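**Student:** Going down the list, the protein sequences come from chains A and B.
Position one of the first sequence corresponds to residue 1 (the UniProt record's numbering), numbered consecutively onward.
Position one of the second sequence corresponds to residue 1 (the UniProt record's numbering), numbered consecutively onward.
Derived by calculation from the structure, the hints in this document are not laboratory data.
Quantities reported herein were computed from a predicted structural model and do not represent experimental measurements.
Note that beta-carbon positions come from the ideal geometry of N, C-alpha and C, so glycine has one too.
Treat the hints with caution; some may be incorrect.
Which residues of chain A face chain B? A few of them, derived with a C-beta cut under 7 Å, are [stated by the list, open to error]:
{"#": "1", "residue": "G11"}
{"#": "2", "residue": "F13"}
{"#": "3", "residue": "R16"}
{"#": "4", "residue": "P17"}
{"#": "5", "residue": "R19"}
{"#": "6", "residue": "L36"}
{"#": "7", "residue": "F97"}
{"#": "8", "residue": "Y101"}
{"#": "9", "residue": "R105"}
{"#": "10", "residue": "L112"}
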Amino acid sequence: MTASTGRFAPGTFAPRPGRGSLVRMLAAQSGTELRLALRNGEQLLLALLIPIVLLVGLTLLEVVPLPEPRVASVVPAVLALAVMSAAFTGQAIALGFDRRYGVVRRLAATALPRWLLVAGRLAAVLGLVAVQTVVLGALALTLGWRPQADGLGWAVLLVLLGCAAFGSLGILLGGSVRAEVVLAVANLIWFVLLFAGGIVIPAEQLPGPLGTVATWLPSGALAEGLRTALVDGQGPGTQPVLVLVGWAVLAAIVSVRTVKLR
Amino acid sequence: MSLPAAEPPDLAVSVRGLVKRFGRTTAVDGLDLDLPAASVLALLGPNGAGKTTTVEICEGVQRADAGTVRVLGRDPAGAPEALRARIGIMPQGGGAYPGVRAEEMLRVIAACAAHPLDVSWLTEVLGLGSCARIPYKRLSGGQQQRLALACAIVGRPELVFLDEPTAGMDPQGRRLVWELIDALRRDGVAVLLTTHLMEEAEALADQVVIVDRGRVVAQGSPAELTAGGDQQELRFRATPGMDLDDLAAALPNGYRAVETVAGRYLVQGRIDPSVLSVITAWCAGQGALADDVQIARRSLEDVFLDLTGKELRS
Numbered sequence: 001m002t003a004s005t006g007r008f009a010p011g012t013f014a015p016r017p018g019r020g021s022l023v024r025m026l027a028a029q030s031g032t033e034l035r036l037a038l039r040n041g042e043q044l045l046l047a048l049l050i051p052i053v054l055l056v057g058l059t060l061l062e063v064v065p066l067p068e069p070r071v072a073s074v075v076p077a078v079l080a081l082a083v084m085s086a087a088f089t090g091q092a093i094a095l096g097f098d099r100r101y102g103v104v105r106r107l108a109a110t111a112l113p114r115w116l117l118v119a120g121r122l123a124a125v126l127g128l129v130a131v132q133t134v135v136l137g138a139l140a141l142t143l144g145w146r147p148q149a150d151g152l153g154w155a156v157l158l159v160l161l162g163c164a165a166f167g168s169l170g171i172l173l174g175g176s177v178r179a180e181v182v183l184a185v186a187n188l189i190w191f192v193l194l195f196a197g198g199i200v201i202p203a204e205q206l207p208g209p210l211g212t213v214a215t216w217l218p219s220g221a222l223a224e225g226l227r228t229a230l231v232d233g234q235g236p237g238t239q240p241v242l243v244l245v246g247w248a249v250l251a252a253i254v255s256v257r258t259v260k261l262r
Numbered sequence: 001m002s003l004p005a006a007e008p009p010d011l012a013v014s015v016r017g018l019v020k021r022f023g024r025t026t027a028v029d030g031l032d033l034d035l036p037a038a039s040v041l042a043l044l045g046p047n048g049a050g051k052t053t054t055v056e057i058c059e060g061v062q063r064a065d066a067g068t069v070r071v072l073g074r075d076p077a078g079a080p081e082a083l084r085a086r087i088g089i090m091p092q093g094g095g096a097y098p099g100v101r102a103e104e105m106l107r108v109i110a111a112c113a114a115h116p117l118d119v120s121w122l123t124e125v126l127g128l129g130s131c132a133r134i135p136y137k138r139l140s141g142g143q144q145q146r147l148a149l150a151c152a153i154v155g156r157p158e159l160v161f162l163d164e165p166t167a168g169m170d171p172q173g174r175r176l177v178w179e180l181i182d183a184l185r186r187d188g189v190a191v192l193l194t195t196h197l198m199e200e201a202e203a204l205a206d207q208v209v210i211v212d213r214g215r216v217v218a219q220g221s222p223a224e225l226t227a228g229g230d231q232q233e234l235r236f237r238a239t240p241g242m243d244l245d246d247l248a249a250a251l252p253n254g255y256r257a258v259e260t261v262a263g264r265y266l267v268q269g270r271i272d273p274s275v276l277s278v279i280t281a282w283c284a285g286q287g288a289l290a291d292d293v294q295i296a297r298r299s300l301e302d303v304f305l306d307l308t309g310k311e312l313r314s
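With these hints in hand, go ahead and build the complete structure from the sequences.
**Tutor:** So, in structure tokens, the structure goes:
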């Protein structure tokens with residue numbers, strides 16, 4: 001046996017087990033995941049840089065026909081994009097690689113309850129969406145955006161529902177297949193939904209049945225709902241709300257069966 | 001009237017008749033082991049012997065197909081939260097966010113425990129302070145292992161499972177980990193570790209359980225496993241061509257004496273002071289002096305080779 005344990009004073013490791021407080025566990029996990037997202041170049045590109053470029057570009061350049069003031073029509077689209085990027089694509093890719101690097105298995109081996117493992121990830125997403133909303137909102141204000149005050153409450157609710165729907169889908173994708181597949185699929189879906197899912201081009205301007213399909217997608221529902229709330233200052237109606245809730249519930253049900261928390 | 005033997009209350013881990021199959025392969029085949037509190041047990045065996053499967057069943061990560069497992073007095077199946085709060089786990093290959101820094105990761109794990117160790121101190125003492133800003137995916141294998149070990153002990157558990165704790169470490173790192181495991185035992189923590197390194201099992205463990213193909217092929221303390229009748233040998237040099245018949249007659253039954261090369265002699269058997277004096281007296285009787293006398297103890301590696309006919313580091 002090794003002779004000296006001089007580096008470690010007697011009693012240093014005397015057992016004193018017990019579970020930490022739920023609040024501290026949640027704060028530690030989601031705080032770390034949020035910091036990691038803000039430190040990761042690709043995540044920042046996806047979650048902030050692309051929405052910023054689109055906000056400025058679509059407002060100042062007349063590439064897509066939009067009603068004046070252009071910024072008022074652009075903000076809902078860019079907010080919907082930001083939520084999709086953070087909660088779905090970024091979240092799925094992060095989870096895919098976190099699983100690859102064994103962090104889910106590592107956390108599951110602590111006293112952290114399983115549900116908190118998922119809640120921590122969703123809390124980190126909410127944190128990132130809050131950062132996005134503040135940055136994009138401030139930038140939009142400097143571009144002359146004056147939101148309808150009556151619709152702001154609805155907008156917050158829609159953003160939260162969007163986080164639930166896209167976040168559940170992100171966990172479903174990121175937790176079910178290999179990291180490389182997650183990377184490819186999450187980016188592909190992001191690209192398709194951005195242009196054909198009712199975000200950049202409103203659903204009613206999409207050709208033929210695509211427009212109808214888009215309104216049943218989480219992207220179309222979120223963007224349409226945000227347009228109604230922020231441009232018209234009205235409630236989004238039942239369809240966008242039900243569509244977002246439906247996707248969130250559906251993804252959660254499938255996730256329970258397919259997601260491997262290992 | 002005889003009462004059924006009560007389970008000793010001071011066993012941290014108790015495994016009886018454990019069986020685990022993967023398809024047609026039997027990974028663990030009727031394994032028994034006992035880990036008393038505040039002691040170190042090493043599961044020693046080649047790759048594929050069933051060490052990790054056994055540990056993962058004790059952790060509750062995998063389910064047994066047959067047999068009983070008790071960890072801190074309860075069934076670990078499904079890794080109940082109350083049990084996870086009392087044990088520390090170092091999975092093989094560790095586990096952390098790819099972009100996380102060592103101390104950040106340790107803080108997340110520490111937050112899961114009620115009375116964790118000081119994270120800054122643990123980071124420093126395990127030599128992870130120098131890589132403070134390097135993301136996990138760019139740490140060396142040894143640094144990742146040390147972080148994984150820190151994560152296993154930061155919550156001040158009663159029992160830790162260490163799956164190949166020194167794999168990929170340099171000698172200094174290994175020495176540090178051995179010292180740490182010694183300190184854990186001293187402070188009352190039970191340690192179940194797996195290794196395929198003989199010297200590690202010999203240096204650390206109170207009990208060594210040698211496994212091969214999912215079965216226990218030998219168990220005991222390192223001294224018990226390496227001691228025994230014909231398990232020692234004595235080599236010396238002296239004048240070539242001495243008469244070995246006289247020596248064989250003077251030694252007790254069961255000993256073997258040969259001249260391996262001219263002037264080099266080998267005696268196999270239990271080497272005790274009386275045998276040593278018989279040998280030196282025999283040399284003196286032939287007018288020779290036994291020179292360069294060496295007594296070799298059988299190593300755990302020899303034991304393993306004898307039992308399985310296999311190299312351990314396969």
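**Student:** Tell me the hint numbers this structure goes against, listed in increasing order.
**Tutor:** The structure breaks none of the hints.
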